[in-house]
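Novice: Residue-level listing of the chains:
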Amino acid sequence: MSDLTFVPGPPRDRAEDAAAPLPHFVSTAPYDPYAVERMTPAQERFYVASQWRMVWWKLRRHRVAVVAGAILLAMYVGITICEFLAPYGVDSRSTDFIYAPPQPVHIFYRGRLVAPYVLGFDYRLDMKRLERIYTPNPKKRQTIRFFCHGDRYEFWNLFPGNLHLACPAHGGQLFLLGTDRLGRDLMSRMIYGARVSLTVGLIGVAVSLTLGIAIGGIAGYYGGWTDILIQRAMEVIQSFPHLPLWMALSAILPVSWSPLLVYFGITLILGMIDWTHLARAVRSKLLALREEDFCTAAVLMGARPVRVIGRHLLPSFTSHLIASATLMIPGMILGETALSFLGLGVRPPMTSWGVLLSDAQNINVVALYPWLLAPVGTVILAVLAFNFFGDGLRDAADPYH
Amino acid sequence: MLSYIVHRILIMVPTLIAISIVIFTIINLPPGNYFTTYIAELQGSGETADLAKIQFLEKEYGFDRPLWQQYLYWAGGLLHGDLGYSFAYDLPVDKVVGDRMLLTAVVSITTIIFTYLVAFPIGIYSATHQYSISDHLLTLLGFLGLATPSFLLALVLLYLANVYFGISIGGLMDPKYLDQPWSWPKVVSLMEHIWIPVIVIGSAGTAAMIRRLRANLLDELQKQYVVTARAKGLHPLKALFKYPLRMALNPFISDIGSLLPQVISGAAIVSVVMSLPTTGPMLLSALRSQDMYLAGSFLMFMASLTVIGVFVSDLALALLDPRIRLQAGRRQ
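Protein chains in written order, with the numbering used here: chain H, 85 to 485; chain W, 7 to 338.
Hints listed in this document are in silico derivations from the structure and should not be mistaken for laboratory results.
Built from N, CA and C at the ideal position, the CB exists for glycine as well.
Honestly, I wouldn't trust all of these hints.
Straight-line C-alpha distance at most 27 Å; calculated DSS-like pairs for lysine-lysine [to be verified]:
hint	chain 1	residue 1	chain 2	residue 2
1	W	K229	H	K369
2	W	K192	W	K248
3	W	K65	H	K142
4	W	K248	W	K238
5	W	K244	W	K229
6	H	K369	H	K142
Just the calculated beta-carbon pair ranges, DEER-fashion [what the hints assert, rightly or not]:
hint	chain 1	residue 1	chain 2	residue 2	range
7	W	A322	H	S368	46 to 54 Å
8	W	P98	H	T402	52 to 60 Å
9	H	Q135	W	H142	26 to 34 Å
Working from the sequences, and respecting the hints, build out all of it.
Specialist: Structure (structure tokens):
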């Protein structure tokens, strides 16, 4: 801004200087003192952009994070309409197809492209080994129906409906990931289970974000004894191994609670232990920021602590908070899966990926019905996506670097 | 240095007391106690309980006294090694858990050593060969290790070992050594069995540590002193190991604090799947049946292990980094 540009004029001769007046040019255009500072539209867009816009630009350049974000978005949109996406209801049983293996989707029939179809099963009970044997029968071609009417459901427990994205052919089956010990379609149950598994992380993180900001904010803003006490308390909480503590706490939840209450109890438990990392980050940032001039100015103008923290201090590192919160979600998803796997988490009839996996606790099950491990795939996918997305967000969180 | 150690130990004491209070609260939170659950269970199956014995036990363990007296009784017992009484096993807790706690400690410490041994070279390699194909592969592997629930890794490994090697790898030693006193063959058998749980439990921690070491080392390698060292012709290996690595090691050691709870958590659930004779399965059943002293002692043991681990890591850090011990000395 302050750089004065030196424009070289025509070469001057000292001897001539005194005699003849200089041949010089005077512009008649009005003088614009800001000409130096003027920016191209692209530059202007960049300099005027808000912090969030810049975070978004930077995040967009991080290709892995964008892909991960798209996957997460698809998953979260999916859980709002899982009644529609799942081919079967969450508790619909096909008693003739217990432990049926997955049916692969075919799109070629005798070398020609046809509508997607699956092959029906021939069923035989091997009395010698007491094993159900399902063999796909090439003659039973069952074309999958799309946007069709199938199992009835109550959309969000509010509106009755029966429209599905895909349904089995009339009188046929559609077990893309096989069935469980009660003949329930695993894929439908996984879609319904995503509702619990994916929201546990979100609600849990909301809980720990609130706790972390409130408690870390108090510790960092007031300092002194409050700070020391809170720090000691956080140390105590952190020295517990998470899982055993989660186990102990979820064992407390009364048996008489409804599955929904248990679900909220579990999210609360998951969130209540994990806030210490966030509180630490908030505290250290606040300690540094409260010495800044803008904070002193706010205090001098009579702002109360809540306003100083909430209006002036927090926005300076919200993006960091969000990034680290995103990175905490996978831990909670894994925690819920582990708890439900042990039978201490979400209780049936509610389904989550952990509840589904608890059917595969036994090594015999893994050997005989390996498709029951399918929910692991979605767990890994969700956890990876959150990790990559959170990493990208963390890099983008500081757009001024 | 001495004042630093004393300071750290003085901090540990109130921490442990607070932990014991929290644990006692947690194990007392569920309504009723072991005996009410037990009597209800017996009545459910149509049997009658030996009420006289139960009343005697209730009196003996002070269930009729106020909670704070019960706490003092329990905490006082802990101080001189009396862990209380396990009602489910009808034995003093230390008789029930003795070997299990030892094995938990062995498994946890082995896992941490494994984590360090694996993460150290891989982290250095990844950082010095940034963006090479092998770096990308290792990063991907690390992410997978982070994302896979350890108990499922355990299941899959158990299955693969069964199918391809035909061995049973559940447990921590050959069944014939289970009830025997410690001997050399028993230790050998333990060594033969311990590696699978160690790999399973350690995978997540190793992956996290590789990523952290890589990031730290990359930060250091960009600094000017490294450029100077290279420019003046220092041997590349020396220019790596002498300064940048040492700087990058700090978080590596302070990580024990977060690694240990993670390892113990992992061990708890993996041991349920692999039926290891460690604390996991017994803690689970103790929590379910409200066998409060047993559950409490397990939780206390795990938390103390963490506190001690953090203490050790702080000491190591102070030894490694003079800034930390000087700062701590100045504060007093």
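Novice: Taking each numbered hint in turn, which are not upheld by the structure, reported in ascending numerical order?
Specialist: Violated hints (numbers, rising): 2, 3 and 7; every other hint is consistent with the structure.
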